[in-house]
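Order-wise, the sequence lines are chains A and B.
Numbering follows the numbering used here, with no gaps: position 240 of the first sequence is 240.
Numbering follows the numbering used here, with no gaps: position 126 of the second sequence is 126.
Be aware that one or more of the hints could be misleading.
Taking lysine to aspartate or glutamate pairs in the DMTMM-like style, the calculated list, with each CA pair at most 25 Å apart, reads [claimed, not checked]:
| id | chain 1 | residue 1 | chain 2 | residue 2 |
| --- | --- | --- | --- | --- |
| 1 | B | Lys154 | A | Asp27 |
| 2 | A | Lys84 | B | Glu289 |
| 3 | B | Lys32 | A | Asp81 |
| 4 | A | Lys167 | B | Glu289 |
| 5 | B | Lys32 | A | Glu175 |
Simulated from the structure, these hints should not be mistaken for lab results.
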Amino acid sequence: MVLPFMALFATFFLYPIASGLYYSFFDWNATSRARFVGFDNYQHIVASRDFHDAMINLATYVSITVPLGITVAFSLALLVDSFKGVWANFFRAAYFLPVVLPAFLAATIWRWIYAPNFGLLNMILGWMGVPSISFLNNTGTMLYALIAVDVWVSAGFNMVIILAGLKNIPTHYYEAARLDGATNLQQVIYITIPMLYPVLFFVVTYGFISALQVFDIPWLLTGSSFAAYGGRQRALLFPVMDMMGRGFGGLHFGQASAYGFILTLVIVLITAGLFAFGRRRFTQ
Amino acid sequence: MSGASVANIEPTAAPSGSFVRGPALSVWTILKWAIAFCAVIVAVFPIWWMVNVVFAHPGEPVSINPRLYPTSLTAGFEKIRMILAETDYLRAYYVSLAYSLLTIAGVLLIGSMAAFEFALFEFPGKRLMFAVVMVSLMVPTAVTIVPTYLLTAKLGWLNTMQGLVVPGLASAFGLFMLIQFMRTLPREMLEAARLDGATHFQLYLHFALPLSRNALVTLAILTFMRTWGNFAWPLIVAPNPEMYTVGQVVGLFNSPYSHQTVDVVMTANLLAALPPLIFFLIFQRKIVEGIAMSGSKG
Chain A
1 MVLPFMALFA TFFLYPIASG LYYSFFDWNA TSRARFVGFD NYQHIVASRD
51 FHDAMINLAT YVSITVPLGI TVAFSLALLV DSFKGVWANF FRAAYFLPVV
101 LPAFLAATIW RWIYAPNFGL LNMILGWMGV PSISFLNNTG TMLYALIAVD
151 VWVSAGFNMV IILAGLKNIP THYYEAARLD GATNLQQVIY ITIPMLYPVL
201 FFVVTYGFIS ALQVFDIPWL LTGSSFAAYG GRQRALLFPV MDMMGRGFGG
251 LHFGQASAYG FILTLVIVLI TAGLFAFGRR RFTQ
Chain B
1 MSGASVANIE PTAAPSGSFV RGPALSVWTI LKWAIAFCAV IVAVFPIWWM
51 VNVVFAHPGE PVSINPRLYP TSLTAGFEKI RMILAETDYL RAYYVSLAYS
101 LLTIAGVLLI GSMAAFEFAL FEFPGKRLMF AVVMVSLMVP TAVTIVPTYL
151 LTAKLGWLNT MQGLVVPGLA SAFGLFMLIQ FMRTLPREML EAARLDGATH
201 FQLYLHFALP LSRNALVTLA ILTFMRTWGN FAWPLIVAPN PEMYTVGQVV
251 GLFNSPYSHQ TVDVVMTANL LAALPPLIFF LIFQRKIVEG IAMSGSKG
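Assemble the whole structure, with the sequences as input and the hints as a guide.
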């Protein structure tokens, strides 16, 4: 009875990877005959302006959103954990609510919050006498506007995972620390964080892997389509958007396939780096 | 809430920490409650704001109605009626529902059959297959999405329900979750049933499936959330307006060249949020446990 699963898995997972690798060496627009071009697709991508911009955006985005998102999630988890009974459940449910919404909705709701003049955020700023800012059309604010949405969406998800880890820490560790006169902050640094290490490691790794493939939210925040994507001056252009644009906008399916492999290489390298770093810390 | 009850709820803040001054309301406790409620506002208000825009008179300017609470229920229902009657939203709703339900049914059926074999029996090639499926959990979607699209197109499945559903059925995550669960099933019961002459298929149907009910329900809910919220796959594989999902329609309504008013857009947003929100209210515990489990086991 493993047959249906394995057959579908081979057809829609293994075969696409193999065929993608094959296509990545061809110049092919889905209608004409494919032409073998060797590593040209790879070269062409790496040398392109869009790839360069997308990678810079990605580096800035990932290096802010992952640490910030996890710090917020960790703080929320500690906060919820310090309450008991009904209030703990209430706060947990409230913080988790944004996770329940589809990501596309988070983006569209926040698009209206960021709207110039009548958007919620500009309305509040208006009360304080700040002139209207076009958050999603100003290259100085676009990336930070995205990060805010991203943290809003992902904090609850990570919080729930961290909370489950907090419940597994034996309470007598804290009791012993308190007897030794440790403050709340010291307890967090010397007990909670070391004990949570495996959970935090998972959350960080998973956070990196998903942030490196960010697509839905910047795509919708910038009102992108396959004809025009990335927002003003491509300030919110990210690699997966670039890849999809090359495939479905430019019909360069060979390039799009190659792009997937380049991106995978980046993700694998970063994940491997995290694992190497993580193991060293763990064995110390 | 009174000061006394606040102090009662938080007995662990009483130790020798430097913030705390006796059992009365401490600065730390007030601060903690204030932060907790501010975070609630940040988390919930955008969603609440959406509700307020829908349940207000159309075109009412923000300056008159700062939209902290709904002002007109009838106006809201009228907008919902209008959007269902005058746009193609209802059709998109059907497509999204069918896409989600068929995916759930397929993932549960195919996944549980495979998990049953993997968790409870030995067969040739088991280790290798399991290893390959587990490695696939770490392969980014970015590398498969374009070639999977090309395969789907070659099969002639663009703009069809099978094109949306079938490529997503072999869920490695779902299989992993079900295997973990089925490994804990009592093997004595399995042996006893087999001695009583139960066939392989009967063991699956009458033993493994009913006992895995909890894991199956959790997987169904998580699959629903993921499918209902899937934006990228429908965007490329079903570009025909006849097959638009809710996500695509919402995306189009919100695009810069859309001619829809904020009322219509927010109503579309609200209706798209409704099924997952209802699911969350009913299955909160299961959803949270499912996500926490995927974290601790990964």
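Hints versus structure:
Of the pairs offered as hints, the one joining Lys154 (chain B) and Asp27 (chain A) holds, with about 18 Å between alpha carbons and a cut-off of 25 Å not exceeded. Proximity of Lys84 (chain A) to Glu289 (chain B) is assessed by CA-CA distance (about 18 Å); at most 25 Å being required, the pair is judged to hold. Of the supplied pair hints, the one linking Lys32 (chain B) and Asp81 (chain A) holds, its CA atoms being roughly 12 Å apart against a limit of 25 Å. About 13 Å separates the Cα atoms of Lys167 (chain A) and Glu289 (chain B), which keeps this hinted pair within 25 Å; it holds.
Under the criterion of a C-alpha separation no larger than 25 Å, the hint pairing Lys32 (chain B) with Glu175 (chain A) is consistent with the structure, at around 21 Å.
When held up to the earlier numbered hints, the structure conflicts with none and fits them all.
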